[in-house]
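With these hints in hand, go ahead and build the complete structure from the sequences.
Chains as they are written, first to last, in the numbering used here: chain A, 1 to 271; chain S, 1 to 271.
Be aware that a few hints might be false.
Copies of the same chain look alike in the list, so a pair counts if it works inside one copy or between any two.
[Claimed, not checked] In silico DSBU-like pairs for lysine-lysine, Cα to Cα no more than 30 Å straight-line:
#1 37 <-> 116
#2 85 <-> 2
#3 85 <-> 49
#4 37 <-> 49
#5 164 <-> 90
#6 116 <-> 127
#7 246 <-> 127
#8 164 <-> 85
I should point out that these hints are in silico values taken from the structure, not numbers from a laboratory.
All values derive from a computational prediction rather than experimental measurement.
2 protein chains.
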Amino acid sequence: MKLRRSERMVVISNYLLNNPYQLISLNVFAEKYEAAKSSISEDVAIIKKAFNDGDIGCIETVTGANGGVVFTPAISTDEAREIAKELCQKLSENDRILPGGYIYLSDLLSTPAILKNVGRIIANAFKDKKIDAVMTVATKGVPLANAVANILNVPFVIVRRDLKITEGSTVSVNYASGSSDRIEKMFLSKRSLKPNSQVLIVDDFLKGGGTISGMISLLKEFDSKLVGVAVFADNIQERRHHLSYKSLLTVTNIDVRTNKIEVQLGNIFDS
Amino acid sequence: MKLRRSERMVVISNYLLNNPYQLISLNVFAEKYEAAKSSISEDVAIIKKAFNDGDIGCIETVTGANGGVVFTPAISTDEAREIAKELCQKLSENDRILPGGYIYLSDLLSTPAILKNVGRIIANAFKDKKIDAVMTVATKGVPLANAVANILNVPFVIVRRDLKITEGSTVSVNYASGSSDRIEKMFLSKRSLKPNSQVLIVDDFLKGGGTISGMISLLKEFDSKLVGVAVFADNIQERRHHLSYKSLLTVTNIDVRTNKIEVQLGNIFDS
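Next comes the structure, spelled out in structure tokens:
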């Protein structure tokens, strides 16, 4: 398919956007669009500048016979803060408080436009690390892990609190369920995580830290390493753990009596 | 931020790709990139042709004072078939058969590159319908629903088989669990679906059809309408339902004795 330069730039940038963190040979484009490799190089140089100026991400060139380009998505601090501030407001809506002092989050974590942006912010905070997989716990963590994994272009693995026949052999660990101080079990399908994986743990809400500590002990069972922990929101009122983590939002106070939730930007914006 | 035309086209197409099914005023770009609206119109015309030629999707222009452009993602039949054929091969790998004749799917449904493509194919089959939300059941359906919702740019709602305190008030229905002929309950948070929604149901694997029938009866409880049902794979050996649905893949035979799975393209490719 022969295209004009301007059109070629559109389809090449679409391809890069859909294949982040992947080494792509320029020959692929040269063949597909029947253009000289030098022309494709010029296209990519323009796309690189546009991605940079538009805070879309960074394109790096790898030289050599097996060379090509790698696109790493990014987000500017300004855009990330803007997005997080909007989420602060949404999260502090007073009709989110459920009996027991829980916060209703499901609507936020099931809206693609929000998820994509949250995924971009979390992935950006770990973009210099080598990550092989994103781990989370069913069910509420799944869309978030999916969003982060989309940007990092790695698989995600889902830890379960129940045993499912469709998961095959599993490994289980005990963990202290933060909300109830009960000891529970969590399970991970044996074939879902390769040994020696570098893993980013992602979850929706961090309170007691029991679930995340459980996932960290699962990592040991899979001879895998923790790269970091990222959560959509944490609640500092109930912090009883010493986990190192990054949060997008921090709930500083839930007042069930006055029906008020106080939220501020999380520690992912520190430094 | 003033950009050259070539760069402007890259950032504008990135914006359109990230905001499908949304009316976007060209004034937004004209202001942001300090260009005349006529120049932006020309940019969009080129992007439109490139999206068309590259089978990325279609850009429609809405005229009038509140006008703008709407990007509808698409996928060519050839590309969709190519993707599905590769998935056929993956699904028929003999180490996927689990005791009881179940098929291990989790690795496919947790790989972003696969999910994105499956989402594109399913969304494409319903792109002419008005859809307000995508519904699925926890846990395995979630990444798939998320992928379809990403393309359609609508929220997804997660039906659960257990009651969670963090979901607030729920509505429940009974359903016949296909695999066991037991009657079970499924729950949906009351605030997760607005009345009068047009809903696309998505799930990973269709066998007896009990789960999907359950979700359809939930729709009635929410005064909402079924637009269609789409599944990653169905198993015609165990078909005991009269549901109308579209499948990406069809399992025609699972032979536990010889450890063989036979898979073919699903009915989404019919006609």
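Broken hints, by number: none
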